[in-house]
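Let chain A serve as the given structure and place chain B on it in line with the hints.
Protein chains in written order, with full-length UniProt numbering: chain A, 1 to 370; chain B, 1 to 278.
For the record, the hints were derived by calculation from the structure and aren't laboratory data. Treat the hints with caution; some may be incorrect.
[What the hints assert, rightly or not] Pair ranges (Cβ atoms, derived): (1) A:104 <-> B:21: 20 to 26 Å; (2) A:129 <-> B:54: 28 to 34 Å; (3) B:196 <-> A:313: 56 to 62 Å.
[Said to hold, decoys possible] Computed footprint of chain A on chain B, listed as stretches where at least three residues anywhere in the stretch have a Cβ under 8 Å from a Cβ of chain A: (4) 205-214; (5) 241-254.
[As the list claims (entries may be wrong)] Not close to chain A: a few residues of chain B, all C-beta gaps over 10 Å, as computed: (6) 69; (7) 132; (8) 141; (9) 173.
In this text, a Cβ means the ideal position worked out from N, Cα and C, and glycines have one as well.
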Amino acid sequence: MDKHHPSDCIEILMDRAREGKISRRRFVKAMGMLAVLPAAMRAGVGFAQGKQLVVVNWGGDAIDAYRKSWADEFSRSSGIPVKIDGSGPTDGAIRAQAASGRPSWDVVDAEPYTALSLGRAGICQPLDYTVIERNKVAPGFAHDYGIASYLFSYVMAWDSRKYGAKGPRTWADFWNVQAFPGKRTLFKWMNGMLEAALLADGIAPSALYPLDVPRALRKLDELKPHILAYWGSGAESQQLMVNGDVSVGAIWNTRAGLLEQDSDGRIQWGYDNAFVTPSYWAVLKNNPAGAQPAMRFIAYAQDPKTQVELFKLTGNSPANPAARALIPADLRARDCGSPENLAKQIRLNGDWYADHYAAALEQYLRRLAK
Amino acid sequence: MNAVNSTAFKRALLIAPLPLLLALLYGLPLAGVIGWSVTLPTPGLEQYRQVVTDPSIRDMLLRTLRLCLSSTVLAVAIGYLLSYCWVFASRPWQRVVEIAVFVPMWISVLVRAFGWLIALGNEGILNTLLMSVGLIHGPVQMTRNEFAVVVGMVHFMVPYAVFPLSSSMRQIDRRTLLAARGLGAGGLRTFWAVLVPQTLPGLLGAFLIVFVFCLGFFITPAILGGGQTTMIAEYVYLQMFQTNNWGLGAALSVVLLAFIGLMAALLMWASRVNKLVR
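The following block holds chain A by itself, in its conformation from the complex:
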């Protein structure tokens, strides 16, 4: 046999392995068949495609849901093991990863403003839109550094023992403690809460941005005596509502859906005047598994079937409009991204948050700890 032919085969295999076109298992097997595995090891092929891909989300039930919807099948088809890490990719946590010089995270499920501001700061890398398809999300949901993974909402939920089926529908209702007496809960990390205060204060939804933070904080002061707690985690918001500690809450639609189920309809909620926002996929610069596997994972997660799977498991609405048709009829009313529900809601402005999040949050937190 020609001496050069095997080395050419090896070269092809190595190239394909580097590009992530074949799995580590297939690469090793092929190298074994060519009886040059030790040589290949010496040659130092970076097994980027065989390395574990670390996908970071916000923990809880979402760890299992991501695994079932996205990770397992992606690993099977690509040969890339995926680890779901639920430690929460906050802006600071990602910056800390980057500052360490050797990030251990690959793909993060970040807030839109985090993806945008970290992209500008050179901490996240631009997405590869030759692998990921821009048109698999609605217009305006794909940016250089982030693309919508799913949608979720901040909704009003109320205890029907107190108000019957006629709960608060507008943020003015939420602030109206005469008409709707009882304790409230708001989100500790601010998103949507400033908007709620401004709407309650009479600002039109179209005139919300840029947010008038001082005015929002003044309006929040008004409600402060009636706020029992600022929830920091979904579980906490759920517990506050289910125990009857609060009668009205601004909480995530995913938790509201669970509450409605668990309380046999005692807790009610709706999408009127809710705040809808996407979550974004972003990829850290110099991520350990390499750019290609990360981009392929994101592209895989664009598949409508997998997104509907996630919706069924968590209530997070598909970012890919093509998935909408696959949602079973009885679950469609729950989908915060459906055209009917989108029409009732207000979209949070990721660009505003990218520029003002830290400063506004600092003021918000100081105000509520007073």
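Coordinates of chain B only, in the frame set by chain A:
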């Protein structure tokens, strides 16, 4: 002389790995944090100036101190009673104390915080009980405030108070207690005049250990305080992970560390004084 020196040298060589490891794993990162506190976002002492002058930070530091002091006093008082039972009571009571002290230690801090939320909630066991005996007419707000934070912290800290206290009680010559009784002192007098002074080192140790631990509390106040009772540890987290203000977070950490160092120095000094008195 030479022989002594070489033994000393050998000894130093033997213990050298530990200080070296500490310097590497602890000293270096710490130096990094101190570095951040004077370089981020701009070089200078601006962050420390803010720690000293900012009224919101001052409020937060005062709240931290207040919550830690009250939790510490309560935890040490409860720990003292428990230690007394553990050391001096009959066998079955000793077992009860052991279970009461050890079992909670093995339960996750999260579970305990949520447990208190349920127990102290509007429809929780305590409110239900108080309402059923007619002491109160509507539920009393016992969670999502400083009261709940103190309850949660005390519950966590009691075992840490029990260990130094019980060990100092075990070292007491019980005959001194009997002698006091024999000389006509009543139970209370024996307690105050004989037992307490002899357990002073344990009390001091327990107080400082519990207090220093309390300063670092994070999860318990975050859950039981309902987001409105931010303590220093959580505030540092906020600066690092949410608002991206690493300089201020680092400066606060350094201040906290210096304060804890001072407390530890105080503990050493006090225990030495105690030896002299003896």
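So, going through the hints one by one against the coordinates:
For the pair residue 104 of chain A and residue 21 of chain B, the beta carbons lie near 23 Å from each other, so the given range of 20 to 26 Å is met. Separated by about 45 Å at the C-beta atoms, residue 129 of chain A and residue 54 of chain B break the suggested range of 28 to 34 Å. Judged by the Cβ atoms, the range 56 to 62 Å given for residue 196 of chain B and residue 313 of chain A holds: they are separated by roughly 60 Å. For the region 205-214 of chain B, the assignment as covered by chain A is violated, since 0 residues bring a beta-carbon within under 8 Å of that chain's beta-carbons and 3 are needed.
As drawn, the region 241-254 of chain B meets chain A at 6 residues by the rule of a beta-carbon pair under 8 Å; at three or more, the given contact holds. Consistency note on residue 69 of chain B: stated as away from chain A, and its beta-carbon is indeed over 10 Å from all of that chain's, at 19 Å minimum. Non-interface call for residue 132 of chain B relative to chain A: holds, since the shortest CB-CB distance, roughly 17 Å, exceeds 10 Å. Remark: the non-interface label on residue 141 of chain B conflicts with the geometry, its nearest Cβ contact in chain A lying 8 Å away (cut-off 10 Å).
Under the 10 Å C-beta cut-off, the non-interface status given to residue 173 of chain B relative to chain A holds; the minimum distance is some 51 Å.
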